[in-house]
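The sequence shown lines up with residues 1 to 197 when you count with the UniProt record's numbering.
In case anyone wonders, no lab produced these hints; they're calculated from the structure. Predicted model only: the values in this text are computed from it and were never measured.
Computed cross-link-like contacts, DSS-like style, restricted to lysine-lysine with a CA-CA straight-line distance of at most 25 Å:
id	residue 1	residue 2
1	LYS21	LYS119
2	LYS120	LYS21
3	LYS8	LYS168
4	LYS133	LYS119
5	LYS54	LYS119
6	LYS54	LYS120
7	LYS8	LYS21
8	LYS120	LYS133
9	LYS158	LYS10
10	LYS58	LYS119
11	LYS8	LYS158
12	LYS58	LYS120
13	LYS133	LYS21
14	LYS158	LYS168
15	LYS10	LYS21
16	LYS133	LYS8
17	LYS10	LYS133
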Amino acid sequence: MECVLPIKDKAQIEAMYRVLKQHSQRDYLLLSFAIHTGVRLSTLLGLRVVDILKPEYKESDNQTLQSIAPRMIIESWTNPQFPEIVVPLSDSLRQTLTEYIADNEYRVQDFLFQSSRTKKQLSRQQAYRIIHKAAEEIELAHIGLQSLRKTFAYHAYKAGTPITVIQKYLGHQSLAETIRFIDIPSVSKTIEIHLDI
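Based on the provided sequences and hints, a complete structural model is requested.
Right, here's the structure in full:
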């Protein structure tokens, strides 16, 4: 099994965005939502429109959402296991989600990332082909589906999120597992504790 890595260079992320946006809005959003939230792949592929709507907009009659607005989209993503860790969704991501849902005339219970042919959720194999092909186009090696979550975690760490919070959010058992997962050198800072007792 090939070892996959996070996409550490923001210019490479932008290049992936460009390639995927040229292919389809769905493919662009697949990458964008994944690396902005760090959501597990099984959760990502199983997302339905209702999962990203604010509670007051979750209609029970499964109507088409042609008049959807960004205000209807959740403002942050939370891992149900750790609701105290909140990942805000950018305004631009919420706007793009809104346009995507309206353009495709999705209903509340439709899969967010669905096959254009079968209308069922994308399979892992389809998602892999989408991401891997885009990575090949920009000559980026060692990229697979797990790279999406690794990219989220790596950039969260670089932005100053404590590694222990990332570990908890990812559901890792040890700090060493998280450090390996996001491909960073071991955290070896000396921390001094000063007591004035």
